[in-house]
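Chain order of the listed sequences is F, D, Y, B, X and V.
Numbering-wise, my numbering comes out as the position in the first sequence, counting from 1, plus 1056.
Numbering-wise, my numbering comes out as the position in the second sequence, counting from 1, plus 199.
Numbering-wise, my numbering comes out as the position in the third sequence, counting from 1, plus 7.
Numbering-wise, my numbering puts -8 at position 12 of the fourth sequence, and it's gapless, one number per residue.
Numbering-wise, my numbering comes out as the position in the fifth sequence, counting from 1, plus 3.
Numbering-wise, my numbering comes out as the position in the sixth sequence, counting from 1, plus 7.
Be careful, since some hints might not be right.
Within a straight-line C-alpha distance of at most 30 Å, the following computed DSSO-like cross-link-like pairs (lysine-lysine) qualify [as the list claims (entries may be wrong)]:
#1 K361/D - K388/D
#2 K197/X - K793/D
#3 K1154/F - K137/Y
Some chain X residues well away from chain D (every beta-carbon gap over 12 Å; in silico) [claimed, not checked]:
#4 H6
#5 P29
#6 E139
#7 G299
Only part of the chain Y face toward chain D is listed, based on derived beta-carbon distances under 8 Å [to be verified]:
#8 L45
#9 W47
#10 P50
#11 P111
#12 I132
These are calculated hints, taken from the structure and not from any lab test.
Virtual Cβ for every residue (Gly too), placed ideally from N, Cα, C.
Next come the chains, spelled out residue by residue.
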Amino acid sequence: MNPIAEYVICALLLLGGVFTLVGAIGLARLPDFFTRLHGPTKATTLGVGAIMLSSVIFFSTRNEGIGISEILITVFLFMTAPVSANILAKAAMHLRVKSSDNTRGQPWEQ
Amino acid sequence: LMLIFWELTSLVSFLLISFWTHKQDARRGARMALAVTGGGGLALFAGILLIGHIVGSYELDDVLAAGDLIKAHALYPVALTLVLLGAFTKSAQFPFHFWLPHAMQAPTPVSAYLHSATMVKAGIFLMARLYPALAGTEQWFYMVSFTGMATLLLGAYVAMFKHDLKGLLAYSTVSHLGLITLLFGMGTKLAAVAGVFHVINHATFKASLFMAAGIIDHETGTRDMRRINGLWRFMPHTATLAMVAASSMAGVPLLNGFLSKEMFFAESLQLNLPGLWAWLPPVVATLAGIFAVAYSARFIHDVFFNGKPVDLPIYPPHEPPRYMKIPVEILVFACVMVGIFPAFSVGPLLYAAASATLGGDVPDYHLSVTHGFNLPLLMSFMAFFGGLLMYSQRQRFFDFHARFREIDEKAVFEAVVSRITAWAHALTGRIENGSLQRYALLLVVSIVAVAAAPLFDLGLFVGSRGLTPVDWPTGLAAAALMLCALATARFHRDRFYALILLSVVGLIVALAFARFSAPDLAMTQLSVEVVTIVLLMLSLYYMPSWTPLATSTPKRIRDIVIALVAGTGMTLVTLAMLTQPFTSISEFFLANSKTGGGGTNVVNVILVDFRGFDTLGEITVLAIAALGIYAMLKDTALTPPPGDGMGHAWSRDAYPVLLRQIARPMLPLALMVSVYIFLRGHNQPGGGFIAGLITSVALLLQYIASGMVWTQDRVPFKYHNVIGLGLLFAVIAGAGSLAFGYPFLTSSFGYITWPVVGKFEVASAMIFDLGVYLTVIGATLLALVSIGRLSPHSAIKSRREDV
Amino acid sequence: MLDRLRFPQPWLSLILFITWQLLSDQVSAGSLVLGFVLAWAIPQMTGGFWPERPAFIKSWRMPGYLLRVLTDIVVASFQVARLIVSGRQPRPAFVSYPLQLEHPLAISILASTISLTPGTVSADISDDNKTLLVHALDAETDQEVIDAIRTRYEKPLLEMFQ
Amino acid sequence: MELVFALVIGTLTSAGVYLLLRARTFPVVVGLTLISYGVNLFLFGTGRLATGAEPVLRHGATYTDPIPQALVLTAIVIGFAMTAFVVVLSLRNLADNDDDHVDGHQSAPTTEVEHNREIPGQ
Amino acid sequence: MNHWLTAPILIPLLGGILQVFMGYAPLSLRRTLALTTTVLMLVAAVVLLVLANDGSYRFYAFGNWQPPFGIVLVLDRLAALMLILTAILGLFCHLFAVGGADAGNRQFHALFLFQLMGLNIAFLTGDLFNLFVAFEVLLIASYGLLMHGGGTARTVPGLHYVVLNLVGSAVFLISVGMIYSVTGTLNMADLALKVPQITGENLSIVKAGGMMLLVVFALKAAIIPLCFWLPKAYARATAPVAALFAVMTKVGIYAILRVYLLVFGDDAGALANLGMDWLFPLALVTLAMGVIGALGADNLKTLVAWQVIISVGTLLAPVALGSVAGTSAALFYLLSTTWTVAGLFLVADLIASQRGSAADKIVTAPIMRHRTFLSVLFLIGAVAAVGLPPLGGFFAKLLILQSVSPGPEMAWLWSSILIGSFFSVIAYSRAGSIVFWRTVEGHINEPPTLGGSVSVAAGALVAQSLVLVVLAGPVSSYTDATAAQLHNPAGYLQALGTPMVTEDN
Amino acid sequence: MITTVLYITTGMVTLAALLNVYRLFRGPDAPDRILALDTLYINAIALIILLGLILDTRLYLPSALLIAVMGFVGTVAMAKYLKRGSVIE
Ligand code: NA
Ligand code: NA
């Protein structure tokens, strides 16, 4: 395992961990549902993407062929995250979940 | 064998009595008769079994020979009581006498044959046959004779006051049976002979009286003695016959009745009972004689003389046709013959019967018209005059008798039966009250109770393997799982919230499977998890969205306690089990998976090869469940609540754009993934189940995103056929080996090398897995789409074509 | 007849082919052949499920677009992370974004990109596919959000789909 | 590790049994699912816990017992079929008797017990 | 290794699959195909009976894997007995169903055949987990069949039946888990070898597992206190289904016989005769409860349903005492009571169809059509059920009473059986006389005519009690041999030595 | 060096998962809970990949892939129930 790969993997892992944690913190502390929606769609998805990348490098540099099926997982995540965010937002608006007071503009009536 | 005919007679009598079905009391009488005689039969059944057990065989002569062995045996008293119970109920002894009079409802020929001559005598016959085996002991004497005495007195007394002709005859039969039983009870050989003799005599005169009563009934249309008077003028011939028979019943000299009654009186004197008791049998005998004479006198006088007949349904009565009287004449003639020439006429018959009863040694007895002037003769004269006296004062006796409320045994019996049934109905109603809560509680409590003992002495036990340390992520995950499980129980009233918590629990369970080296399980659990979520969401639509509080607090505390006990039990067992050393048959599978099964994923090879039959059963369960669900929902109409119970109506927009667009590419991609997982299943985690579930979920997404009708048009096949095809493939994969003489489900595999592609494996297990794949898809989709079709919108449109 | 045998949805088959290589972890002769067969077979079966197929004109520009989106996602994540960590109260806003794209797939791609990229989530699409409701996490003025989306994402998509 | 595993199974069983004894079909179904999770984990545990010992043959590896894994896989699928049936049956029960009581007194008038029903969720 | 062993499983499976495909074929075609499948199954059962009658064990290793690793089918006398019992019962129930009860659900015949398949697997399998799978197959099929037929009456009892059995299945898994965690094997013959050698704490684990397994089988066999779901469920099921269910409780008893004589039998060391001391009193209480229930029944089907529970009690008492004669008597009674009860369910349904609105309620009602024919059937059935001579029921009870040796058990057993019969005489005679004789003038709207197949099926099942009397000799000698075979499991252990099919032979 | 980093990352992701569970419990409305559940699914993917890395095996990758596909469909079903009620119609 050559040193450069090791460092890259560690960096990606830490990056992934931090982002996942930040996404979760966002989810926990942000005031209303709609603001919380941003956390997972971006931070968590990127965090998991980083961990996926580290896994690709980890397995590819172990001289037994390349390990790239993780990429597919990331592709699926990037495809589905916005859709689930959208349908969740629609559901929240339907249930008239109140957004925090300093929000400019109003959600649409469902 | 005898027992079978015994029961048969009680059965036949039941049917015959109830011959006149429309009459309500005929039915009741019949049922009562069946119940009493049936019950007695069962007791006899037990008695005979006991005797058979003691003697070791059921042959009659062995039993008779082993008389003293039986009497000495510890079980003798029990056996005797049971046998006697059978005899007494059959021959209507006190206290089981009440059914006989009510059996009188049966039509005349039946009652004549059944209730006077044979069936009722069966009890006596039984005592006679088993006399040598059972008689002679103290217990026999007391039970038989006292019952006999009681029946004798009671029968005679009640007969007196019966206004119905047949009622009188019936009770007189009861009384005479009592007399015979008493004779057998006395224990002396001579008494037994007397008993047999009276059996013969009673049969003759009682049968003729019954037929006479039948004739009177036939001629006058009634049997009420108060209305039948002075028939002498109308049918002198029948009258004379009846009077002779009646006087024989009363024990008038020169008739057979007198002889056996005289022997009875003689025997009652011989009984050497200690002290004061010595006088009891003769007094009883005479008293019974008095009553007998009384009711015989009533039978003669009240019917044939005593003034004019009162509003008879058929008037004027006249002599019955010739053929009806012949049997009566024969019988009466027999009475007279036996009365006058006893030794000549009935001697040999009596001797044969007696020897059968006494097992050979018949005492010398002397049959003659009279035995000269002696005490028995005196007793019969006293009985004669006493009876006439009593009859003349009958009016006072009637008033005296009228004071007792006339108890109708039938009503009592019916009341008892209906009270029992009402009580039974109430009891079952209370226990089996149709509450699942209670049944589930009973089941859980029994399981806990049964497992408590062994687990209690297991206690908190850690086996020799000891505990391994916990890494804190696993610990945290376990804590989260426990928290969510308890939260599900706590918040189960908010149904949606409970389902989310349930999905979290499911997810962590899947992670646990992955954590403890079970990739196949993790994937299966995840896929099933999601399909279950979709299933629950589909059904939650129709359910109220929260559960009102239904059980009272003490009950909930009780349930909590039971749940905790069950939980601790499981924890104890798991802890003990996990830490005990373990050897299992798994080495075989690890060794033979590649060589024998042709795959490196041992779990998959076990599923499709080593234990393929389990999987065949399993996919059949899936198929049946889907068919059952389809059948259950086929024509069920369910109207969903307008909103989600929290005040929001359902929104109109069913298919958001973004979801529809994403669903388009997802299907081919998901299919690719499921093909990938299917093909690698044999060597890497994967296989038919998981691939099938992925394809089902992909198709479900189409149903969710674009609706039932849109998707249904694009699905070319019917799910029933997919299930059928799946099962067929599985069976073919298994049956293929039969052709080569190998057992069902034997797999074979080989490697094929193609120019470009190189070497790849072809296994029969692959076809089996394909069967699994298709069945899973067919079953999952048939089930969930059937629920989908319930919704009002799709229900209408899809009436046209069925899934 | 022949062309039906060819590729009804060429792009989809290509994606599927690449997916198969990704799935089987190594690009071997076997995976290529099987990938090709599957990439051809599956679209045949699932053709019906994708009715209104877009007519790509300039599809070669798609990779460039994806690369831009990826870089923006990374940048956005840092921005959002900084916001969450600072604990500052965000200034959220609902912005109605007038769409110029017509094709539902194009609109979906735009909406997904918006959700994935900095500070914005596409909350809803109007029934007439004319406007897009965007929720911005922390934006001074609505116009700022609209302009950013217009220039960075809608323009390239318009070129591709027009 | 074994203690935690045992406690998890115990908790799942307790929660499941409590819900099983409730008076409505929905909690009963949820209870049954929780119990089946507990049972599947228990059956899985009979092969003793092992980390990284996947029963997929590769040279130089120790393997855990594959039998319980096969049994649990079968149990999960059968459990799914049964859960699906009982859910649909409770739907059918709703359609036939339009209430999901299971404690004997079908849709009794709201007894005083039900008046103080809690506000769900909180 | 005789392929016939798989016949009772493959025939209904293939028949069922055929039915699944032919969901939309004309009804008459489907009926003939379904009936031919049941007839073929009967033929297979007869062949196996002849094979098993030579007293030897036959084994069939699926997938050609050496037991205890693969799953093995075991054919002995007991299995053959149960197979023939189910095959005959299945044929007549099917004949009755074809008379009209199978309408309303295209998949009725598929479910019916899968139910028979599940039963046959349960009787033949020699593997404990495969027994669980067999139970699941026959349970899920019975759920589907129980809900068959229109109307809303059977949903609630159906729900009770399903939920309770789900709990039962969960506990079954736990027991298998407990036993496997110690013995490390699932094959019953292997278990019989390993159970005696268990020591220390493992003993209490396996004991707990064994006892819980007994509770599961007790739930299946409907022993008190786990029997209260049965009356409403069976009374409300459609007639042929209820008749077929008469054998469902017997599966529980078969399982007790098979597992508890083989694995926890006399020579099971510390775990010998596990739970049998509990079973005897429970059996008698079940009998008493059945009688009370029968007395309190307000319609014929409920009366017959409680009769099922009475026969369970009567059947289990001699089994619990564990003597060879007891087991043999129990098996004889099992044959007689299963067919009789099934016949009574069918007769009750015929009566119900002829009495218009009064159906089979024990109340006064206008005279029904075909009264004489139906009353004769009911009479024979009732006499056989109660055990009055001269029918089969009597001989069975006679054998049971004789099988027990003097002592306290004998007193208890005799009194409960005899008193039970006494009260059931009252119950049946009361029901019969009210239903058939207590009639009132009145008109029943057009009662359907009695179909040929329907009355033949009901008649045949009831008539078997006569047949059993005639064949009492050979049948009781067969059951004696079965009981003897069961009580020395040495033969069963040869399963572990089943020869594998190799290239040469 | 990698192993220590792996443990740190696993710790962080586990903490993230716990925060999600916290939000799931507290979440005032149902959409919050589904969002928490969906994020939990994504965290689970991360955990599985990390497990694969720790154990140095690729056997768990398909499980992670499965969660990605399945988690999405589960979330969609729940959200659609909240909004539309009937998931399939
Ligand atoms: Na008179
Ligand atoms: Na964004």
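Comparing the hints with the structure gives:
Distance check on the hinted pair: K361/D and K388/D sit about 35 Å apart at the alpha-carbon level, beyond 30 Å; violated. At roughly 28 Å between alpha-carbon atoms, K197/X and K793/D fall within 30 Å of each other, so this suggested pair holds. With a C-alpha separation of about 25 Å, the suggested pair K1154/F and K137/Y falls inside the 30 Å cut-off, and the hint holds. At roughly 6 Å from the closest C-beta of chain D, the C-beta of H6/X falls inside 12 Å, breaking its exclusion from the interface.
No Cβ of chain D comes within 12 Å of the Cβ of P29/X; the nearest lies about 16 Å off, and the non-interface call holds. Its closest Cβ contact with chain D, about 5 Å, brings E139/X to no more than 12 Å, contrary to its assignment away from the interface. Consistency note on G299/X: stated as away from chain D, yet its beta-carbon is not over 12 Å from all of that chain's, at 3 Å minimum. Interface restraint check: L45/Y against chain D, minimum CB-CB distance 6 Å, threshold 8 Å, status holds.
About 12 Å separates the beta-carbon of W47/Y from the nearest beta-carbon of chain D, more than 8 Å, and the hint is not met. For P50/Y, the suggested interface contact is upheld, since its CB lies about 6 Å from the closest CB of chain D, less than 8 Å. With 8 Å as the threshold, the beta carbon of P111/Y comes within range of chain D, its nearest partner Cβ sitting at about 6 Å, so the hint holds. A hinted interface residue such as I132/Y counts as satisfied when its beta carbon comes closer than 8 Å to some beta carbon of chain D; here the least separation is about 5 Å, so the hint holds.
In this structure, the earlier hints numbered 1, 4, 6, 7 and 9 are contradicted, and the remaining ones agree with it.
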